[in-house]
Amino acid sequence: MHHSFERIVLHLDLNYFFAQAEELRKPELKCKPVVVCVYSGRTPTSGAVGTSNYLARALGIKSGQPIFQAQQKATPETVFLPVDIQYYKIISIQVMEILKSHSDSFESGGVDEAFIEITQACKGNYKKAKELAEEIKKDLLQKTGLICSIGIAPNKLLAKIASDFQKPDGLTILEPFQVQKFINPLSVSVISGIGPKTAEHLKELHVEKVSELAKLQKSVLIQEFGNAKGDFLFQAAQGLDESPVQESSEHQQFSRMTTLKKDSKNLTELIEVSIPLMNELCARCQKENIFFKTISIVLVSTKLESFTKAKTVLAPTHDLKIFQQTVQSLFSDFLKLHTDFTARRLGISVSHFSSSFKPSLSEKQRTLNEF
DNA sequence: CCCTCGATCAC
DNA sequence: CCTCATATCGAGGG
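The first sequence begins at 657 in this note's numbering and counts up one residue at a time.
Read the hints as simulated data drawn from the structure, not as lab findings. Be a bit skeptical, because a hint or two may be false.
What the hints assert, rightly or not - Ranges between beta-carbon positions, derived for each pair:
no.: 1; residue 1: Tyr743; residue 2: Gln798; range: 19 to 27 Å
no.: 2; residue 1: Lys799; residue 2: Phe997; range: 48 to 56 Å
no.: 3; residue 1: Gln908; residue 2: Lys784; range: 33 to 41 Å
no.: 4; residue 1: Gln836; residue 2: Leu923; range: 53 to 61 Å
no.: 5; residue 1: Asp996; residue 2: Ser702; range: 19 to 27 Å
no.: 6; residue 1: Gln834; residue 2: Ala855; range: 23 to 31 Å
no.: 7; residue 1: Leu680; residue 2: Ser702; range: 21 to 29 Å
no.: 8; residue 1: Lys718; residue 2: Ala855; range: 13 to 21 Å
no.: 9; residue 1: Ser867; residue 2: Asp996; range: 46 to 54 Å
no.: 10; residue 1: Lys871; residue 2: Ser757; range: 38 to 46 Å
no.: 11; residue 1: Ala855; residue 2: Ser702; range: 28 to 36 Å
no.: 12; residue 1: Glu791; residue 2: Phe833; range: 23 to 31 Å
no.: 13; residue 1: Ser899; residue 2: Phe997; range: 34 to 42 Å
Claimed, not checked - With a Cα cut of at most 20 Å, we get these calculated EDC-like pairs of lysine to aspartate or glutamate:
no.: 14; residue 1: Lys779; residue 2: Glu790
no.: 15; residue 1: Lys786; residue 2: Asp825
no.: 16; residue 1: Lys853; residue 2: Glu880
no.: 17; residue 1: Lys921; residue 2: Asp989
no.: 18; residue 1: Lys965; residue 2: Glu925
no.: 19; residue 1: Lys799; residue 2: Glu753
no.: 20; residue 1: Lys756; residue 2: Glu790
no.: 21; residue 1: Lys718; residue 2: Glu679
no.: 22; residue 1: Lys779; residue 2: Glu791
no.: 23; residue 1: Lys793; residue 2: Asp760
no.: 24; residue 1: Lys918; residue 2: Asp996
no.: 25; residue 1: Lys794; residue 2: Asp825
no.: 26; residue 1: Lys921; residue 2: Asp996
no.: 27; residue 1: Lys745; residue 2: Glu763
no.: 28; residue 1: Lys992; residue 2: Glu925
no.: 29; residue 1: Lys745; residue 2: Asp795
no.: 30; residue 1: Lys992; residue 2: Glu928
no.: 31; residue 1: Lys949; residue 2: Asp989
no.: 32; residue 1: Lys949; residue 2: Glu936
no.: 33; residue 1: Lys871; residue 2: Asp887
no.: 34; residue 1: Lys874; residue 2: Asp887
no.: 35; residue 1: Lys874; residue 2: Glu860
no.: 36; residue 1: Lys917; residue 2: Glu928
no.: 37; residue 1: Lys718; residue 2: Asp820
no.: 38; residue 1: Lys779; residue 2: Glu831
no.: 39; residue 1: Lys682; residue 2: Asp740
no.: 40; residue 1: Lys786; residue 2: Asp820
Glycine is no exception: its CB is placed at the ideal position from the N, C-alpha and C atoms.
Hey, can you work out the whole structure from these sequences and the hints?
Shown next as structure tokens:
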């Protein structure tokens, strides 16, 4: 690529996606508050809100909220629906295909958002970028009936901030010369990667706005937040982000989690609940021909504190027997250690993947030693 | 450099 | 009493 335009990145966010998808197949929902729920199955109302449409948000019902709280805020016309991920995925794929067709490169950010690099497609020209965004919005609406918010900026960090700036159905364009003025007055929380904990930590350093973050020295940030995060914060405060738009390489881990119908501290019960999770994970690994080396359990207590325990096996595997035995010993070890522990939820995960069965060096070494 | 575990984030 | 999945980092101990 001999041309080097300054980068232009586009971020697209499907507004209130799950609820919008439900409105799509039942248009009569559009005039009602809609709450899409992730039911845990423990009691008829236990679970959390996945997404709600804007009429529901006006009632104070938003993502992550316990369902029973949402019910308290709901009006009689409010519609509660269970999530239907399969259906949302089908729609999402259509959306992503449209996006890809307009892009230099593509990076998914989950079912409801994505980045595309449009530097070449727009020859580094923001006027063209704006036209492209309008075309994408039109295309999307026409082909799927969905609205979205789009942000256009010199990098992913800023494109995401921009797409979040006007919702729903927004289009925000951030040209390089506008960047610092635009971000300076914003709360540091607009930066993806700064969550509640980091924001609180920054507040203690008297930093709440991006302009204040930009005044801190890199050495201070690294001191406070460690190498990677400190460096990230230092760059972000200046609106800098070099990370490319590209599909993240390979999967790093698979995990499944579930809420127990009844709290338990009993090994046999925990194993029983884990079996379907292990079956699923194992089937997935076998289907994709993935071998894992590390097996972890997560236990969430009745007080919602979570604990993890992991074991790395000597050779990568996706054998169900080995998997089950390892999980059993993890649970067993855990319960021996925390005798007063009662579990509310549990999860299993596998990680440290390799694509084929290869004894590790230490395994070869051990095998040799045994002779 | 490897393992374990907790923390944090964001979907 | 509050879902689920996943990536990444850092500390602490080898």
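Verification of the hints:
Between tyrosine 743 and glutamine 798 the C-beta distance comes to about 20 Å, which sits within the given range of 19 to 27 Å. In this structure, lysine 799 and phenylalanine 997 meet the distance hint of 48 to 56 Å, their C-beta atoms being roughly 51 Å apart. For glutamine 908 paired with lysine 784, a C-beta distance near 36 Å keeps the hint of 33 to 41 Å intact. Checked against the hint of 53 to 61 Å, the pair glutamine 836 and leucine 923 passes, with Cβ atoms roughly 58 Å apart.
Range check, aspartate 996 to serine 702: about 24 Å between beta-carbon atoms, so the 19 to 27 Å window is met. Checking the proposed 23 to 31 Å range against glutamine 834 and alanine 855 shows it holds: the Cβ atoms sit about 24 Å from each other. In this structure the hint that leucine 680 and serine 702 lie 21 to 29 Å apart at CB holds, the actual value being about 28 Å. Taken as a hint, the range 13 to 21 Å holds for the pair lysine 718 and alanine 855, whose Cβ atoms sit roughly 18 Å apart.
In this structure, serine 867 and aspartate 996 meet the distance hint of 46 to 54 Å, their C-beta atoms being roughly 49 Å apart. With their beta carbons about 43 Å apart, lysine 871 and serine 757 fall inside the hinted range of 38 to 46 Å. Look at alanine 855 against serine 702: about 29 Å separates their beta carbons, and that is inside 28 to 36 Å. Here the CB-CB span from glutamate 791 to phenylalanine 833 is close to 24 Å, well matched to the stated 23 to 31 Å.
Range check, serine 899 to phenylalanine 997: about 40 Å between beta-carbon atoms, so the 34 to 42 Å window is met. Between the alpha carbons of lysine 779 and glutamate 790 the distance comes to roughly 17 Å, so the proposed pair stays at or under 20 Å and holds. Straight-line distance between C-alpha atoms of lysine 786 and aspartate 825 comes to about 14 Å, which keeps the hinted pair within the 20 Å bound. Using a Cα cut-off of 20 Å, the hinted pair lysine 853 and glutamate 880 holds, with the two alpha carbons roughly 13 Å apart.
Using a Cα cut-off of 20 Å, the hinted pair lysine 921 and aspartate 989 holds, with the two alpha carbons roughly 13 Å apart. Straight-line distance between C-alpha atoms of lysine 965 and glutamate 925 comes to about 18 Å, which keeps the hinted pair within the 20 Å bound. Taking the CA atoms of lysine 799 and glutamate 753, the gap is about 11 Å. The hint holds against a cut of 20 Å. Between the alpha carbons of lysine 756 and glutamate 790 the distance comes to roughly 15 Å, so the proposed pair stays at or under 20 Å and holds.
In summary, the hint linking lysine 718 to glutamate 679 is supported, as the alpha carbons are separated by about 17 Å, within the 20 Å threshold. With a C-alpha separation of about 16 Å, the suggested pair lysine 779 and glutamate 791 falls inside the 20 Å cut-off, and the hint holds. Of the supplied pair hints, the one linking lysine 793 and aspartate 760 holds, its CA atoms being roughly 18 Å apart against a limit of 20 Å. Between the alpha carbons of lysine 918 and aspartate 996 the distance comes to roughly 16 Å, so the proposed pair stays at or under 20 Å and holds.
Taken as a hint, the lysine 794 and aspartate 825 pair is honoured in the structure, with Cα atoms around 11 Å apart against an allowance of 20 Å. Between lysine 921 and aspartate 996 the CA atoms are separated by roughly 8 Å; this keeps the pair inside 20 Å, and the hint holds. The hinted pair formed by lysine 745 and glutamate 763 meets the criterion: a straight-line CA distance of about 16 Å does not exceed 20 Å. For the given pair, lysine 992 sits about 15 Å from glutamate 925 by alpha-carbon distance, which is consistent with the 20 Å threshold.
For a cut-off of 20 Å, the pair hint linking lysine 745 to aspartate 795 stands: about 19 Å separates their Cα positions. Distance hint between lysine 992 and glutamate 928 is fulfilled; the C-alpha atoms sit about 18 Å from each other, no more than 20 Å. With a C-alpha separation of about 19 Å, the suggested pair lysine 949 and aspartate 989 falls inside the 20 Å cut-off, and the hint holds. Restraint check for lysine 949 and glutamate 936: the C-alpha separation of about 17 Å stays at or below 20 Å, so the hint holds.
Proposed proximity of lysine 871 and aspartate 887 is supported: the alpha carbons are some 14 Å apart, at most 20 Å. For the given pair, lysine 874 sits about 7 Å from aspartate 887 by alpha-carbon distance, which is consistent with the 20 Å threshold. With a C-alpha separation of about 17 Å, the suggested pair lysine 874 and glutamate 860 falls inside the 20 Å cut-off, and the hint holds. Restraint check for lysine 917 and glutamate 928: satisfied, since their Cα atoms lie roughly 12 Å apart, inside the 20 Å limit.
Annotation: proposed proximity of lysine 718 to aspartate 820 holds, straight-line Cα distance about 16 Å (limit 20 Å). Between lysine 779 and glutamate 831, the direct Cα distance comes to roughly 14 Å. Compliance with the 20 Å bound is thereby established for this hinted pair. Our distance criterion of 20 Å between C-alpha atoms is met by lysine 682 and aspartate 740, whose separation comes to about 14 Å. Taking the CA atoms of lysine 786 and aspartate 820, the gap is about 16 Å. The hint holds against a cut of 20 Å.
Going through the hint list in order, the structure satisfies each hint without exception.
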